[in-house]
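The hints should help you fit chain B onto chain A, whose structure is shown.
Here is what each chain is made of, one letter per residue.
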Amino acid sequence: MNQAVGAAVLVPAALYLAGVARTRSPWPPGRTVAWLAGLGCLAVALTGPLAAAHGDLRAHMAAHLLVGMVAPLLLVLARPATLLLRALPVPAARRVSRVLRTAPVRVLADPFVATGLNAAGLWLLYGTGLLTAMLHSPGLHLLVSAHVLLTGWLATAAVLALEPIGHRRGVVARAVALAAGAAAHDVLAKALYAAPPAGVTEAEAGAQLMYHGGTVVHVLVAALLWRQWYCSRAAVRDAEHTTVPAGA
Amino acid sequence: MTAGDPPRSDRRRLLVSGLLFGLGAAGAVDEIVFHQLLHWHHFYDRAGGAAALVSDGLLHATTWSATVAGLALLADVRRRRSFTPRTWWGAVLVGAGAFQVWDGVVHHKLLRLHQVRYGVDLTGYDLAWIGAGVLVLLAGALLLGRTRTGRTP
Chain A
1 MNQAVGAAVL VPAALYLAGV ARTRSPWPPG RTVAWLAGLG CLAVALTGPL
51 AAAHGDLRAH MAAHLLVGMV APLLLVLARP ATLLLRALPV PAARRVSRVL
101 RTAPVRVLAD PFVATGLNAA GLWLLYGTGL LTAMLHSPGL HLLVSAHVLL
151 TGWLATAAVL ALEPIGHRRG VVARAVALAA GAAAHDVLAK ALYAAPPAGV
201 TEAEAGAQLM YHGGTVVHVL VAALLWRQWY CSRAAVRDAE HTTVPAGA
Chain B
1 MTAGDPPRSD RRRLLVSGLL FGLGAAGAVD EIVFHQLLHW HHFYDRAGGA
51 AALVSDGLLH ATTWSATVAG LALLADVRRR RSFTPRTWWG AVLVGAGAFQ
101 VWDGVVHHKL LRLHQVRYGV DLTGYDLAWI GAGVLVLLAG ALLLGRTRTG
151 RTP
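The listed protein sequences derive, respectively, from chains A and B. Here the first sequence stands for residues 1 to 248, where the numbers follow our numbering. Here the second sequence stands for residues 1 to 153, where the numbers follow our numbering.
Hint data in this document are derived by calculation from the structure and do not stem from the laboratory. It is possible that some hints are incorrect.
Which bits of chain B does chain A cover? Going by a derived footprint, with three or more residues having C-beta under 8 Å, they are [claimed, not checked]:
id, region
1, 52 to 65
2, 74 to 84
Anything over 12 Å on all C-beta distances counts as not near chain B; from chain A, calculated [as the list claims (entries may be wrong)]:
id, residue
3, P49
4, L88
5, L100
6, L117
7, L130
8, L131
9, A146
10, H147
11, V172
12, K190
13, G199
14, H212
15, A222
In this text, a Cβ means the ideal position worked out from N, Cα and C, and glycines have one as well.
For reference, chain A alone in the conformation it holds in the complex:
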């Protein structure tokens, strides 16, 4: 099991570093740090004491927050698609770019679709017997973790829209999608508190960790989203345009 996690962490790390080495223009070191830290979160969550604590909902939720929220945010900030486009030779980069602009990718990258998929996956996990089954089967645990990571990544990527994929929606739409996802997460956490799934211990503490930890990451994503808007070319130009007559 640990070998699978090791490969899932080390291979992307090596590929990213190779990409950074290949880009001609300098690549901000913060993005590389974010990528490695995101993969580190996955390793911590999927091996060691967090993965070994079967049935303890606190450990499960700590791992869930790392895999489904913290790691996706760090991986999104690392902008792997942008790196891929820069590291590839031009013809190959064009082909990838064309794929990123196809209709299915555009639909998946819509913040409402991506957030909906993320929330639906979590409801499936916690609303059905899947959680109990997963706690007793390492293979299923890894599959579910991969799904949680991918949908969390998709949702965060769609909200922050840092990469050149399709059309980027306005800040209000993305903020509303983020808030809707956060609301679903909060409702789910309180529902788990009210009626814990069979076979788990420390359910109340685990549900509260999910609720408050989720809030912290959601606020962080919202702050990044609004900072992006504040610094965006359109908002800066708009502000300069309105203040010029007053100052002149």
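Chain B only, in chain A's frame:
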């Protein structure tokens, strides 16, 4: 247009910023002071049903999102040099009061998600909770009304 008379779109943005921030700040005070520090409120006291859970999750997510959005809009309004403290604080009070009244009436009484405090007679606490919200709401409306009349030529 003079420097002291911001464009109408800027005033609207200032109002939206204050409303969002007030709503969010009141929610944050509720969460931090009454849930975490005093432990008066309970995470969930099992008296409310599914509707209470959904409404609480929505409100919680809305308040945090509103705080961040309100602060971002405030930074933008300041960058445009259209910030007028009285309008903004008026809107903040309206937002905070609206949250408090909604929380007190809908969450505590109609949906029974949780109560102000446990093990005490609730009447006084509920009156203080909702009354404080109404007072803050009125104070904000008064402040906003004065900025509006002050603006008309």
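Right, here's what the structure says about each hint:
For the region 52 to 65 of chain B, the stated coverage by chain A is satisfied: 10 residues place a CB nearer than 8 Å to a CB of that chain, which reaches the threshold of 3. Counting residues of the region 74 to 84 of chain B whose beta carbon lies closer than 8 Å to any beta carbon of chain A gives 6, which reaches the threshold of three, so the coverage claim holds. Listed as a non-interface residue, A/P49 keeps its Cβ farther than 12 Å from every Cβ of chain B; the least gap is roughly 26 Å. The beta carbon of A/L88 is kept farther than 12 Å from every beta carbon of chain B, the shortest such distance being approximately 36 Å.
No beta-carbon of chain B is positioned within 12 Å of the beta-carbon of A/L100; the least distance is around 28 Å. Interface exclusion of A/L117 from chain B stands, the closest Cβ pair being 18 Å apart, more than 12 Å. A/L130, annotated as away from the interface, keeps every beta carbon of chain B farther than 12 Å; the closest lies near 20 Å. For A/L131, the non-interface assignment is confirmed: its Cβ lies about 18 Å from the closest Cβ of chain B, beyond the 12 Å cut-off.
Listed as outside the interface, A/A146 is consistent with that label: its C-beta sits roughly 26 Å from the nearest C-beta of chain B, beyond the 12 Å cut-off. At roughly 22 Å from the closest C-beta of chain B, the C-beta of A/H147 stays outside 12 Å, upholding its exclusion from the interface. The Cβ of A/V172 sits about 8 Å from the closest Cβ of chain B, inside the 12 Å cut-off, so the non-interface label is violated. Not every CB of chain B is more than 12 Å from the CB of A/K190 (nearest about 5 Å), against its label as outside the interface.
The Cβ of A/G199 sits about 21 Å from the closest Cβ of chain B, beyond the 12 Å cut-off, so the non-interface label holds. With a cut of 12 Å on Cβ distances, A/H212 falls inside the contact zone with chain B, its closest approach being about 9 Å. With a minimum CB-CB distance of about 4 Å to chain B, A/A222 fails to clear the 12 Å threshold, and the non-interface call is violated.
The earlier numbered hints that this structure contradicts are 11, 12, 14 and 15.
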